[in-house]
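*Asks:* Read off the chains here:
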Amino acid sequence: MKLYHFIFLFFVLVSCKKTNQNLIKITAKTTELDSSIVANEAFEKVISPYKEKLSSEMNAVLCYAPRNFVKNDGNLQSSLGNLMADLCYEIANPMFKEKTNATIDFAMFNSGGLRAPITKGNVITENAFKLMPFDNEFVVVELSGDKMEELISYFIRNKKAHPLSKNTSFLIKENDYDLKINGKKFDKNKTYKVLTSDYLQSGGDRMNFFKNPLQLTKLNYKVRDAVIDYFKKVDTLKTTIDKRIIVE
Amino acid sequence: MERRKFIKQLGGASTLALVGGLTLPAFSPKKQRHITILHTNDTHSQIEPFKPTHHRNANKGGVAKRATLIEQIRKENANTLLLDAGDIFQGTPYFNYFGGELEFKLMSMLKYDVATLGNHDFDNSIEGFQKQLPNANFDFVSANYDFKNTVLDTLVKPYKIIVKDGIKIGIFGLGIELEGLVGKKLYKETKYLDPVEITKDITDELKNKQNCDLIICLSHLGYYYKRNPKKISDLNLAKATENIDLIIGGHTHTFLPKPTIVKNKQGKNMLVNQVGAYGINLGRVDFYFDEIEGASAKGTTILV
Numbered sequence: 001m002k003l004y005h006f007i008f009l010f011f012v013l014v015s016c017k018k019t020n021q022n023l024i025k026i027t028a029k030t031t032e033l034d035s036s037i038v039a040n041e042a043f044e045k046v047i048s049p050y051k052e053k054l055s056s057e058m059n060a061v062l063c064y065a066p067r068n069f070v071k072n073d074g075n076l077q078s079s080l081g082n083l084m085a086d087l088c089y090e091i092a093n094p095m096f097k098e099k100t101n102a103t104i105d106f107a108m109f110n111s112g113g114l115r116a117p118i119t120k121g122n123v124i125t126e127n128a129f130k131l132m133p134f135d136n137e138f139v140v141v142e143l144s145g146d147k148m149e150e151l152i153s154y155f156i157r158n159k160k161a162h163p164l165s166k167n168t169s170f171l172i173k174e175n176d177y178d179l180k181i182n183g184k185k186f187d188k189n190k191t192y193k194v195l196t197s198d199y200l201q202s203g204g205d206r207m208n209f210f211k212n213p214l215q216l217t218k219l220n221y222k223v224r225d226a227v228i229d230y231f232k233k234v235d236t237l238k239t240t241i242d243k244r245i246i247v248e
Numbered sequence: 001m002e003r004r005k006f007i008k009q010l011g012g013a014s015t016l017a018l019v020g021g022l023t024l025p026a027f028s029p030k031k032q033r034h035i036t037i038l039h040t041n042d043t044h045s046q047i048e049p050f051k052p053t054h055h056r057n058a059n060k061g062g063v064a065k066r067a068t069l070i071e072q073i074r075k076e077n078a079n080t081l082l083l084d085a086g087d088i089f090q091g092t093p094y095f096n097y098f099g100g101e102l103e104f105k106l107m108s109m110l111k112y113d114v115a116t117l118g119n120h121d122f123d124n125s126i127e128g129f130q131k132q133l134p135n136a137n138f139d140f141v142s143a144n145y146d147f148k149n150t151v152l153d154t155l156v157k158p159y160k161i162i163v164k165d166g167i168k169i170g171i172f173g174l175g176i177e178l179e180g181l182v183g184k185k186l187y188k189e190t191k192y193l194d195p196v197e198i199t200k201d202i203t204d205e206l207k208n209k210q211n212c213d214l215i216i217c218l219s220h221l222g223y224y225y226k227r228n229p230k231k232i233s234d235l236n237l238a239k240a241t242e243n244i245d246l247i248i249g250g251h252t253h254t255f256l257p258k259p260t261i262v263k264n265k266q267g268k269n270m271l272v273n274q275v276g277a278y279g280i281n282l283g284r285v286d287f288y289f290d291e292i293e294g295a296s297a298k299g300t301t302i303l304v
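So the protein lines, in turn, are chains R and X. Heads up: the first sequence is residues 1 to 248, going by UniProt numbering. Heads up: the second sequence is residues 1 to 304, going by UniProt numbering.
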């Protein structure tokens, strides 16, 4: 009897193993969540306390934008990029001065880091968060002449409007360039102190010239906080496209 | 007695039907099974719908709306999985103020099954991610991030196997190279391993050792890089490997109106899908299975 049971069990196991799942058909459909879909109330209830806490913070009016600031309205520069680089310099330079007794030569960031435009009208805290959602912090790097040349050739080769502060006057020609920093011609034998973010300093956007600088100073201050400080400080945003970069 | 008489009385006319009835077990239709895969990618802390004034996505998206849609689909088919391909964090102040707490809580309420990590999920550092994990009642998978010397060691597994209605589904994760994209002080000792090599090992494990019926890759590698075509991407991974049925992608915020059919290394068709970003779209792929005897699998009809 026992043997009979065993044989039966064996047979069952074998026949089970023989059954396979055969994939016969695949279909696909992507649905857009437009306004025709009603929100689930249970979810809205969970979101609501978070939302209220945020909205009081986010809707505070900080200053006024007389026009749109975008990142694609210039040739290797932009109104948004210029605003960003200049305000960062303005906020960070006194901090650096206090810490090291030296002055920052110029600021450089990346175009990809400008995450949202500032549209005409009241500028609210939320604008600062959208422009700079990341928690990157300021760093100042002291660069050798060689590293500066890498920076220059990166800027020319990359053909993107990476924000540079108004300390620079950069003429880019077909096969040549002329760079003045704070009115003085770029000197390969000098070193330069450049304000950027910890993200870019550690090789973000392949800005490898920021890696291993002669000196690295961390300001332990968030770029977004600087944006908010500046917006609070000024009444109206005035930065424009200017002659900091000229492409011939 | 009565019953036997009745059959006899029916006589010859019913013979054919009776024969058919008797042979029925041999032809008995095998159970058909239906698995629905729902997916998102790059939701980027977009908790609320976009504002009515938004230049491109006015009123679109929103987690509470996603909940309604997912609930409807689950009612249609209980055998539904909900997956995400990373970059859950970063993009709205919800992340900056609450660190991803609400994102994970809501995904848990939506009953996500599995997700993988995107580069932005490291934005509050690997510790910041780990701190929010208790809010996530779903699993994170990543096969090519070696978390051995980090706080995520043992918390993130290479793959997860889920059995739904007798169908064995293997889901593994792939992440993008972090160097140059994320600060080292954020990802710390996380090691990036070659996605193609890892995929070969993992799919061999899932297909041949674990006998999965369906293999899904949650990838944050990006769909394809036109300006850098050799860079590893979902399309390149699909062509270079075998055994994956579906790659659910992210990172490049690519909106595919329908999945791309790709021939894998064996010349077999498989799918790559990605549904843009910010939770504006919900992706859906349905798999239908027949039970068959033996290994003589027939072809698959792909209607996309």
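It is possible that part of the hints are untrue.
[Stated by the list, open to error] Straight line, CA to CA, 25 Å or less: simulated DMTMM-like cross-link-like pairs of lysine to aspartate or glutamate:
| no. | chain 1 | residue 1 | chain 2 | residue 2 |
| --- | --- | --- | --- | --- |
| 1 | X | 51 | R | 57 |
| 2 | R | 25 | X | 290 |
| 3 | X | 209 | X | 179 |
| 4 | X | 105 | R | 135 |
| 5 | X | 51 | R | 41 |
| 6 | R | 218 | X | 290 |
| 7 | R | 211 | X | 290 |
| 8 | X | 105 | R | 248 |
Read the hints as simulated data drawn from the structure, not as lab findings.
*Asks:* Could you work out which of the previously given hints the structure breaks and list their numbers from low to high?
*Replies:* 3, 6, 7 and 8
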